[in-house]
Amino acid sequence: MDNADVKTGRLQSVRPMTRKLIQLYSALLHNAHLRGFIDGGIYTGAAKYACVPGLNCYSCPGAVGSCPLGALQNALASTGHRAGWYVLGILLLFGTVLGRTVCGWLCPMGLIQELLHRIPTYKIKKSRVTRLLSYLKYVLLAVFVIAVPLWAGLKSGLPLPAFCKYICPAGTLEGAVGLLANERNRDLFGLLGVFFTRKFVIMVIIGFACIFCYRSFCRFLCPLGALYGLFDRFCLTGVKVDTGRCTGCGNCVRHCGMDVKRVGDHECISCGRCMDVCPEKAISLKAGKLTLMAPEGTFGEEETKKRKKAGRIAWAVALAVLCLALLWFNFLDPSA
Amino acid sequence: MKRKKLFLILQSVVCVLGALALIVAVLLVYRAGSEAHALDPLTPVFSQHIVGESLKLAAPLLFIGLCMTAVGLLLGVQDEKGLGPVKGGKVENRAPGGKTLRTVLLIAAAVLLIAGILNGSARDVFVKAAKICTECVGLG
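So the protein sequences, as listed, match chains A and B. Using this note's numbering, you'd call the opening residue of the first sequence number 18 and step up by one each time. Using this note's numbering, you'd call the opening residue of the second sequence number 5 and step up by one each time.
Don't read these hints as lab results, they were simulated from the structure. Hints are supplied without guarantee of correctness; some may be wrong.
[Claimed, not checked] Think about it this way: if two alpha-carbon atoms lie no more than 25 Å apart in a straight line, the pair counts; the simulated SDA-like pairs of lysine to any residue are:
(1) 8/B / 141/A
(2) 135/B / 206/A
(3) 135/B / 194/A
(4) 257/A / 306/A
(5) 135/B / 165/A
(6) 103/B / 309/A
(7) 135/B / 97/A
(8) 142/A / 80/B
(9) 135/B / 208/A
(10) 257/A / 113/B
(11) 37/A / 71/B
(12) 60/B / 204/A
(13) 278/A / 298/A
(14) 103/B / 301/A
Next up, chain A with everything else stripped away, as it sits in the complex:
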């Protein structure tokens, strides 16, 4: 599904590979507590004060940060005795700075869905039906993430993270499977029952759907994507169109795997696939005024060299950060 020359099988640009590498990097950084997979416990250090931007269950043995969706539900359920300003601030920050760029570049669940979609089967094309289904995630956001936890919190004072409890496949895959796969957690098997059965079936159905339909969970069910999508009109980072160059050919929308009506709308995950197919080279990935990625030939030779050098430095810094994170979360963190 990446921008491939179907006849020759060669990639036309290295952008899909770069994005895949960044997604892998992000997934590893989200789950840097690798020791948890060996000793069967979860990370309990101070880094869990912070929420990660993507959907990553905080009960995953590797998770080093809090899940923003889980934290939001718990904050709403605690509304009766304390306002959850912190989580709202974090979501506002991520939404304003990154928006749905998180979905396309940073979310571990997004990576898993894209890898599943690589399995060579017949694929379901996007259509009016999928566009209509894409609004379902707003219903899930309103009901399971906001209304039910708020109602449970105000009525009984007990937290009820409804989305996490009844639907979230990340909790089942990363949390349940991640913990139960460890021999040291065999006692947890005794606690499994109807909840686990239901969630497991939902997880398998979602995974199965992702094989046939690009990013099914992301497009139709993810409330976090729905939340970030609300920031599409003013978020700092994302694909931007040079309206002076745009001729309205629609190639960008046609090649997009998401249910967009225009590039950069609330369904756009800024994956950058449209950049390669725009004949006018009118689309680029920007963070404010800084151009992060642009089509081949946008910049002159000098500028291209500078950007390549900057890219190498950025990767070196990123790898250093990852190594430090792995050392810190697995060996050095005194608060864990």
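Go by the hints and put chain B onto chain A.
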């Protein structure tokens, strides 16, 4: 082309059967476990041994699926009709005021973060995340 179509059909069937096998396996385990639990409350519904046995049913299909995926990826087999024709339109300039709104929201985010740290809601996030969330992992 026919071989590619056949491969895609076979792989699709394997995926469907694999998903069904996993779902049926977990439902059978749950049903048998519930019956055993009803007779003897000390018997867990799920046990490592029973789950392992039930996965053996789905394992061959999953293995075949994995092998076929590897072969398909190596040969570059893919459904070329994955994209549907969708009408496009000239992208217009965004409504003005986006920058101002963004600045306001960033300031609001900073204020909310500080307020959250001061009122203890940051600690609530930590307390919840530092323990296994039994609801999230399906333990009830």
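These are the hints, each one checked on the structure:
1. 8/B / 141/A: Satisfied, since the Cα-Cα distance of roughly 17 Å is no more than 25 Å.
2. 135/B / 206/A: Holds, at roughly 18 Å.
3. 135/B / 194/A: 16 Å, holds
4. 257/A / 306/A: 10 Å, holds
5. 135/B / 165/A: Holds. Residue 135/B to residue 165/A sits at ~22 Å (cutoff 25 Å).
6. 103/B / 309/A: 19 Å, holds
7. 135/B / 97/A: 22 Å, holds
8. 142/A / 80/B: 19 Å, holds
9. 135/B / 208/A: Given that 25 Å is the threshold and the Cα spacing comes to 16 Å, the pair holds.
10. 257/A / 113/B: 24 Å, holds
11. 37/A / 71/B: Distance of about 22 Å is within 25 Å: holds.
12. 60/B / 204/A: With Cα atoms ~21 Å apart, residue 60/B and residue 204/A stay inside 25 Å; holds.
13. 278/A / 298/A: 19 Å, holds
14. 103/B / 301/A: 18 Å, holds
The structure is consistent with each of the numbered hints, conforming to all of them.
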